[in-house]
Amino acid sequence: MDYVSALVPPVVMAAFFIGLVVTIVKSQGGPNKAKEDAAVDSAISRAEMAKQAPRTDGV
Numbered sequence: 205m206d207y208v209s210a211l212v213p214p215v216v217m218a219a220f221f222i223g224l225v226v227t228i229v230k231s232q233g234g235p236n237k238a239k240e241d242a243a244v245d246s247a248i249s250r251a252e253m254a255k256q257a258p259r260t261d262g263v
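Going letter by letter, the sequence shown gives residues 205 to 263 in the numbering used here.
Some hints could be false.
Stated by the list, open to error - Taking CB as the label site, the calculated pair distances span:
no.	residue 1	residue 2	range
1	Leu211	Glu252	47 to 55 Å
2	Met253	Val212	25 to 33 Å
3	Ala254	Gln232	23 to 31 Å
4	Ala251	Leu224	43 to 51 Å
5	Ala210	Asn236	38 to 46 Å
6	Tyr207	Ser249	56 to 64 Å
7	Tyr207	Ala243	24 to 32 Å
8	Gly233	Tyr207	40 to 48 Å
9	Ala218	Lys239	27 to 35 Å
10	Lys239	Ala219	29 to 37 Å
11	Ser209	Arg250	49 to 57 Å
12	Pro214	Ala247	48 to 56 Å
13	Ala210	Ser246	26 to 34 Å
Derived by calculation from the structure, the hints in this document are not laboratory data.
Glycine included, every Cβ here is placed at the ideal spot set by N, Cα and C.
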């Protein structure tokens, strides 16, 4: 019976890990993909605009 108690924690962790991976894969794409892409594009454009904007603080 020691082998059962030794195998239970890894099996439980493996099951949770597989569930996590399946959840991540299923959440990719779909109806939220457009919103996520738009948010990333917006953040990138803001970063590029901030980098290209001339500094007017006298430095």
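Q.
Between the beta carbons of Met253 and Val212, is the distance compatible with 25 to 33 Å?
A. With Cβ atoms ~54 Å apart, the hint is violated.
(Q) Taking the Cβ atom of Tyr207 and the Cβ atom of Ser249, is their distance within the range 56 to 64 Å? (A) holds, 57 Å
Q. Between Ala218 and Lys239, does the beta-carbon spacing fit 27 to 35 Å?
A. holds, 32 Å
Q. Honestly, do Pro214 and Ala247 meet the 48 to 56 Å range at C-beta?
A. violated, 39 Å
(Q) If I claimed the Cβ atoms of Tyr207 and Ala243 lie 24 to 32 Å apart, would that claim hold in this structure? (A) Taking Cβ atoms as reference, Tyr207 and Ala243 lie about 49 Å apart, which means the hint is violated.
(Q) Within 23 to 31 Å: is that where the Cβ-Cβ distance between Ala254 and Gln232 falls? (A) holds, 29 Å
Q. Given a hinted range of 43 to 51 Å, is it respected by the beta-carbon distance of Ala251 and Leu224?
A. Cβ of Ala251 to Cβ of Leu224: about 30 Å, so the range 43 to 51 Å is violated.
Q. Does the hinted range 26 to 34 Å hold for Ala210 and Ser246 at CB?
A. violated, 50 Å
Q) Holds or violated: 38 to 46 Å for the Cβ distance of Ala210 and Asn236? A) The hint (38 to 46 Å, Cβ to Cβ) holds, given that Ala210 and Asn236 are roughly 41 Å apart.
Q: State, for the Cβ atoms of Ser209 and Arg250, whether the hinted interval 49 to 57 Å holds or is violated.
A: Given a distance of about 54 Å, which is inside 49 to 57 Å, the answer is holds.
Q. Taking the CB of Gly233 and the CB of Tyr207, does the distance hold inside 40 to 48 Å?
A. Hint holds: Cβ distance 42 Å, inside 40 to 48 Å.
Q) Is 47 to 55 Å right for how far apart the beta carbons of Leu211 and Glu252 are? A) holds, 52 Å
The structure fails to meet hints 2, 4, 7, 12, 13 from the earlier list, while all remaining hints are met.
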